[in-house]
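Given chain A, put chain B in place with the hints provided.
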Amino acid sequence: MTGALLVAGLGAIALGGALGVWRRAFSAGLHVQAAGAAAVAVAGFWALGSQSVIGDAFASSFGPRFGVDGLSGLFLGVLGLIAAPALVFSARYLRPSASGRAVGALTAVFVLALALVLCARDPLMFLAGWETMTLVPAVVILVSRGADRRARQTVFNYLAVTHLGGAGTWVAILLLAHADAIGGQTTIASGSGLQTAIALSALVGMGTKAGVMPLHVWLPRAHPSAPAPVSALMSGVMIKVALYGLVRVLLEWDGVLPVWFGVLVLGAGALSAVGGVVYALFEHDLKRLLAFHSIENIGIIVLGIGASLVLRARGADAWAAFALAAALLHTVNHAVFKSLLFLGAGVFERAVGSLEIDRLGGLLRRMPWSGGAFLVGAMAIAGLPPLNGFASEWLTLQALLHVSQYGEVGDGVAGAVALAALAATAALALFCFVKVVGLVLLGPPRTPAVAAAEEPPFPLRGALVFLALVCVTLGLAPGILFGALVGLAPSSTAAATRLGLHVPGTGSLPTVGIALVLVGGALALALLRGGRRAATAPTWACGQLVEPALRWTSAGFTKSLRLALEVVLRPQREISSRTEAGVLQEVAYSGHVPHLIDERVYEPVERAAFRAARHARRLQTGDVGTYVAYLIGLVIVLLAAVRLGMIG
Amino acid sequence: MSAASAASTAAEIVGGIALAPLLPGLVQHWKARLQGRRGPTPLQPYRELRRLWGKSMVDPDGAGPVYRLVPPIVAAALVGGVLVVPVAETAPNLGLGHDALVLLGVLALARFALAAGSWDVSNGFALMGVSRDLMLSVFVEATFVLSLADASLIAGTTDLRGVVAGTAGIDSWGGPALALGAIAFAFVAIAETGRQPVDNPDTHLELTMIHEGPLLEYAGRDLAYLQWAAAARHWLVLVLLAQVFLPHPHSVWLQLAVLPVALVALCAALAIVETLLAKMRVLLVPRLVVVGMAAALLGIAAWLAGAA
Numbered sequence: 054m055t056g057a058l059l060v061a062g063l064g065a066i067a068l069g070g071a072l073g074v075w076r077r078a079f080s081a082g083l084h085v086q087a088a089g090a091a092a093v094a095v096a097g098f099w100a101l102g103s104q105s106v107i108g109d110a111f112a113s114s115f116g117p118r119f120g121v122d123g124l125s126g127l128f129l130g131v132l133g134l135i136a137a138p139a140l141v142f143s144a145r146y147l148r149p150s151a152s153g154r155a156v157g158a159l160t161a162v163f164v165l166a167l168a169l170v171l172c173a174r175d176p177l178m179f180l181a182g183w184e185t186m187t188l189v190p191a192v193v194i195l196v197s198r199g200a201d202r203r204a205r206q207t208v209f210n211y212l213a214v215t216h217l218g219g220a221g222t223w224v225a226i227l228l229l230a231h232a233d234a235i236g237g238q239t240t241i242a243s244g245s246g247l248q249t250a251i252a253l254s255a256l257v258g259m260g261t262k263a264g265v266m267p268l269h270v271w272l273p274r275a276h277p278s279a280p281a282p283v284s285a286l287m288s289g290v291m292i293k294v295a296l297y298g299l300v301r302v303l304l305e306w307d308g309v310l311p312v313w314f315g316v317l318v319l320g321a322g323a324l325s326a327v328g329g330v331v332y333a334l335f336e337h338d339l340k341r342l343l344a345f346h347s348i349e350n351i352g353i354i355v356l357g358i359g360a361s362l363v364l365r366a367r368g369a370d371a372w373a374a375f376a377l378a379a380a381l382l383h384t385v386n387h388a389v390f391k392s393l394l395f396l397g398a399g400v401f402e403r404a405v406g407s408l409e410i411d412r413l414g415g416l417l418r419r420m421p422w423s424g425g426a427f428l429v430g431a432m433a434i435a436g437l438p439p440l441n442g443f444a445s446e447w448l449t450l451q452a453l454l455h456v457s458q459y460g461e462v463g464d465g466v467a468g469a470v471a472l473a474a475l476a477a478t479a480a481l482a483l484f485c486f487v488k489v490v491g492l493v494l495l496g497p498p499r500t501p502a503v504a505a506a507e508e509p510p511f512p513l514r515g516a517l518v519f520l521a522l523v524c525v526t527l528g529l530a531p532g533i534l535f536g537a538l539v540g541l542a543p544s545s546t547a548a549a550t551r552l553g554l555h556v557p558g559t560g561s562l563p564t565v566g567i568a569l570v571l572v573g574g575a576l577a578l579a580l581l582r583g584g585r586r587a588a589t590a591p592t593w594a595c596g597q598l599v600e601p602a603l604r605w606t607s608a609g610f611t612k613s614l615r616l617a618l619e620v621v622l623r624p625q626r627e628i629s630s631r632t633e634a635g636v637l638q639e640v641a642y643s644g645h646v647p648h649l650i651d652e653r654v655y656e657p658v659e660r661a662a663f664r665a666a667r668h669a670r671r672l673q674t675g676d677v678g679t680y681v682a683y684l685i686g687l688v689i690v691l692l693a694a695v696r697l698g699m700i701g
Numbered sequence: 007m008s009a010a011s012a013a014s015t016a017a018e019i020v021g022g023i024a025l026a027p028l029l030p031g032l033v034q035h036w037k038a039r040l041q042g043r044r045g046p047t048p049l050q051p052y053r054e055l056r057r058l059w060g061k062s063m064v065d066p067d068g069a070g071p072v073y074r075l076v077p078p079i080v081a082a083a084l085v086g087g088v089l090v091v092p093v094a095e096t097a098p099n100l101g102l103g104h105d106a107l108v109l110l111g112v113l114a115l116a117r118f119a120l121a122a123g124s125w126d127v128s129n130g131f132a133l134m135g136v137s138r139d140l141m142l143s144v145f146v147e148a149t150f151v152l153s154l155a156d157a158s159l160i161a162g163t164t165d166l167r168g169v170v171a172g173t174a175g176i177d178s179w180g181g182p183a184l185a186l187g188a189i190a191f192a193f194v195a196i197a198e199t200g201r202q203p204v205d206n207p208d209t210h211l212e213l214t215m216i217h218e219g220p221l222l223e224y225a226g227r228d229l230a231y232l233q234w235a236a237a238a239r240h241w242l243v244l245v246l247l248a249q250v251f252l253p254h255p256h257s258v259w260l261q262l263a264v265l266p267v268a269l270v271a272l273c274a275a276l277a278i279v280e281t282l283l284a285k286m287r288v289l290l291v292p293r294l295v296v297v298g299m300a301a302a303l304l305g306i307a308a309w310l311a312g313a314a
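Quick note, the sequences are listed as chains A and B, same order. With the first sequence counted from 1, adding 53 to any position gets you the numbering used here. With the second sequence counted from 1, adding 6 to any position gets you the numbering used here.
Next comes chain A alone, as it looks inside the complex (with noise of 0.2 Å):
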């Protein structure tokens, strides 16, 4: 039943967006999409709660498999989820244009490679599945932007990085196939060289392609290039389905991994985490600021997989399984919030014209539905209570905690910085979400256009509030989906379902309970305050006029923070000033941060790539008889490697 549902999911995609090509069909077929990842979405979510297989085992031969388990089933469930409002929003977001029903066409495409790396059950499957996810938003990005020399640039360094990490995918699943180990039916010895280099190069591979610092740099790039919806499934979905292999080579078939390895991850996570949210702090952008984020939740998801390996190397096997449903819990809420958040600025730069976070302002009154959405976005990411953010973050710090519990000095000493920098991260997301909720949605209007800014047509406003309420029933209830995660694990027990979150021996968080304290405690503390006797009064500001000169900007707002981290950030900034006679006239003011990873690892490989690629064109003469020498010189090493006998 489970099966029949997900396969005419699919095929209700597949139709959809071949539907969609036709103009008059355009928003039809996109609807039919929709309802197609819907049905995908519940497919996905009865394989989680049933935890049964269907369909075939996972095996290292190349045949083409396919199947679903509880851990697929999740990862379709979130697709299906994020798809099925992301599809909605397009059919009114999308002009029905020749790039618009590309667009659309590419997005149904884009969605059958996820659920084929997720059904995958062979290896042959599963790599193609996993090119081809690369490979759509490339196009979708080349399409929507006409193909000019910005977007030439961001997707040719995308799928520069992607590959030359990729690769790392490719040589882990490869050597799995050949060790026979896919699907568990033979164990690798732990702590051989072998283990070890699948686990490096998975890492490696699949980190690039989930956005793990420092493999991330194609990820501010490429997400806020791509049109809204499109980026809200490749931050909320396709990241994810990149953990998704990771979780599955790291702590299903690589066997049992050593400490050290597993403090390698958690120091990965550690600095995806602090660093994407500190360099998200000084952009501009919304979406970029976005696409940064991700790699912050990315970190803190890696964490919870860190912990997860260190505590089966200790063999804490409980807590090795809450941990993992930490991070699985925190894959399903950041999907929820950071595609609530991508279309939300899409919503916002349609009715603006710009993303310019200090252009913005006053979108909350202008905008109520859409503002209120982002704003409950906005809270969730930020990791406040009761919202589902701070209950993945919870459990994520109760099992970092538990590292140190069940862990000798090192690896708890590990465990305890891990902790201190997953806190650091929330604070930090809060100074950058209270920027961006304060300069987007509160305030004054900026500019004539976001103080003209309409509310969008009830379809856009329609994903934005169903995904703020999944936020908001994932923050009461995140007990639904945990004992169904805890039993995802590869050795654990099954957990009894409630509404909060219970784990044995140590504190629990009763969500409902909480959210009844703070909401009821805040109404009933505002009926209390009873009638409001109110005087006008102009804002304090030293007895000025408030003029629109002495707005504060997101360069002021952060300046602390920029300053306190001084030594680490190295922030640049130049002023110059032009005087007439004596008289100041005009002050010109520019500041910036630079991302100290691309200067320093990447623009010196990228230049010695092009440098290397030039001296390699010399080869290239052009000329017929130089190519001819070059087989013939080519036969004749082979022929004399066979003589000496070197192959053969």
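The set of hints was computed from the structure by calculation and includes no laboratory data. Owing to the predicted nature of the structure, the values given are computational and were not obtained by experimental measurement. For every residue, glycine included, the Cβ atom is placed at its ideal position computed from N, Cα and C. Hints should not be assumed to be uniformly reliable.
Partial chain B-side listing against chain A, Cβ under 7 Å, derived [unchecked claim]:
(1) 118
(2) 141
(3) 306
Away from chain A, derived, C-beta distances all over 10 Å, residues of chain B [stated by the list, open to error]:
(4) 15
(5) 40
(6) 42
(7) 47
(8) 55
(9) 206
(10) 283
(11) 286
Which chain B residues stay away from chain A? Per the calculated CB distances, all over 12 Å, these [said to hold, decoys possible]:
(12) 17
(13) 38
(14) 45
(15) 54
(16) 149
(17) 174
(18) 207
(19) 208
(20) 308
Then chain B, alone, in the frame of chain A:
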């Protein structure tokens, strides 16, 4: 519900809600005496709250529903915090549980709400204070989590009732772990209560305000809620400091008896620290807090080395 449990519930609710303003009052009273003035009585904050309750509120230009909702939300978040921090180890579950990490969440909610209110009104001084407060909170939250983790590892649970029980008596003070955690939490206490050397609570110069900044645009009952919330922050950190990081007895009745004495002693200590130390430059405060973070990490390492 046993008698001890009822007593500790009553102490938690009455103490947190009604007696919280007494703590900053005591600090101000002793600070004045140390500075050679007669100063206000410890009950002065109650007179302030009564005065503010009778006055009318303010609607600044351009303020919307967010500005009006902020004081009830901040006060509700701090009420949640008061319900989370138990007094003595047998407090029953009042709906929020007693998990240490939940306390971080409600304090973060209060900070977010105040900052959102400042943005709604676009008060420059409020935003300056909010910017510095949020920058400091990055370091203070990490130290807060690490010191609570230190205590939780010693006690074996993050439930604060278990932490109070697990760190009671003399056994936990055998190694340096809990003492290092206490040093770290002392820095957190000074930062969270907004006392010198981190912030000057008596300042009237807007450019020097950190925690006071967002309160500039509020008046009347709104300001009463926000001042009560500042007093509740004193209650939360000082009760945690007294119940977890200072030596405390095993028995519940003895804990309830020792707590008021410990709170008064901590208020005196705060007054002495504020009088002896001048306010630090705000960009140098992270270095001070990082010293606390290092102390907490050393404490965790010491516990691991001892337990391993």
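Results for each hint:
no.	hint	result
1	118	holds (6 Å)
2	141	holds (4 Å)
3	306	holds (5 Å)
4	15	holds (15 Å)
5	40	holds (31 Å)
6	42	holds (32 Å)
7	47	holds (27 Å)
8	55	holds (13 Å)
9	206	holds (17 Å)
10	283	holds (20 Å)
11	286	holds (13 Å)
12	17	holds (19 Å)
13	38	holds (28 Å)
14	45	holds (28 Å)
15	54	holds (17 Å)
16	149	violated (8 Å)
17	174	holds (18 Å)
18	207	holds (19 Å)
19	208	holds (19 Å)
20	308	violated (10 Å)
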